[in-house]
Amino acid sequence: MIGLCLGLAGVVWAEVPTADFTLAWNHTIEKIRWEEDYRVTPDGLLLGEARVKGSGAGMEIPDDAELRDGAWHYQRQMPPLQPLRMGRTPEAGDYQLCFDQRCHAMSEWLGPPKAEQPALELWSCTVSTDSSS
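Residue numbers for the sequence shown follow the working numbering, beginning at 1 and rising by one.
In short, the hints are calculated from the structure, not lab data.
Where hints are given, some of them may not hold.
Claimed, not checked - Derived Cβ-Cβ restraints for the label pairs, each shown as a range:
hint : residue 1 : residue 2 : range
1    : W13       : C98       : 17 to 27 Å
2    : D69       : V11       : 22 to 32 Å
3    : P112      : R85       : 11 to 21 Å
4    : R68       : V11       : 36 to 46 Å
5    : T126      : A57       : 37 to 47 Å
As the list claims (entries may be wrong) - Listed below are the simulated SDA-like cross-link pairs for lysine to any residue, each with C-alpha atoms no more than 20 Å apart in a straight line:
hint : residue 1 : residue 2
6    : K53       : T28
7    : K114      : L84
8    : K53       : N26
9    : K53       : E35
10   : K31       : P90
11   : K114      : H104
All C-beta atoms, glycine included, are put in the ideal place defined by N, C-alpha and C.
Let the sequences and hints guide you as you build the complete structure.
What follows is the structure in C-alpha cells.
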C-alpha cells in the first residue's frame, strides 16, 4: 500500500498509511495557520490546494487566491515532491498531519522537535499493512 514516510536522507523514522493528507502549521512569527493538501502518488507528493488565514512576514498571498471561510485559498502548479523537505525545531513549534478527518501532531510519530535534528523529509513509499505493529 502506498503511504507516507517520515524521516531524513532516506532513513524511515515512521510510516503513515494514507493516500492524502493536509500538512498544517502556525507561522513562527505571525502565529497564523497555514495548510497544504497533498496527494501521495508513486512519483511523490502532489500539492493540491493551500490555505492561509492571513498575510504577514514571508506570507504573501498569491494574486489568484480567493478569500473563502476566513482563509485565502490558492493552488500552485508544481511537479511531485520526492521528498518534501522541511525544518522542524523546538522554537518553531510542531507540524500537524491531518488525514481521516483528524489532525495529529508530528510528535505522535517522531517525538518533540529537537534542536539537534532540525530537518524532516516526507516522501511517498510502500507502507506495511500489518495491523499488529
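Hint by hint, here is what the structure shows:
1. W13 x C98: 17 to 27 Å: holds (19 Å)
2. D69 x V11: 22 to 32 Å: violated (39 Å)
3. P112 x R85: 11 to 21 Å: With a Cβ separation near 19 Å, P112 and R85 satisfy 11 to 21 Å, so the hint holds.
4. R68 x V11: 36 to 46 Å: Holds - the Cβ-Cβ distance for R68 and V11, about 39 Å, lies within 36 to 46 Å.
5. T126 x A57: 37 to 47 Å: At 39 Å between Cβs, range holds.
6. K53 x T28: holds (14 Å)
7. K114 x L84: holds (19 Å)
8. K53 x N26: holds (10 Å)
9. K53 x E35: Holds - the C-alpha atoms of E35 and K53 are around 9 Å apart, at most 20 Å.
10. K31 x P90: holds (15 Å)
11. K114 x H104: Holds, because 18 Å separates the two Cα atoms, which is no more than 20 Å.
Violation of the numbered hints given earlier is confined to hint 2; every other hint is satisfied by the structure.
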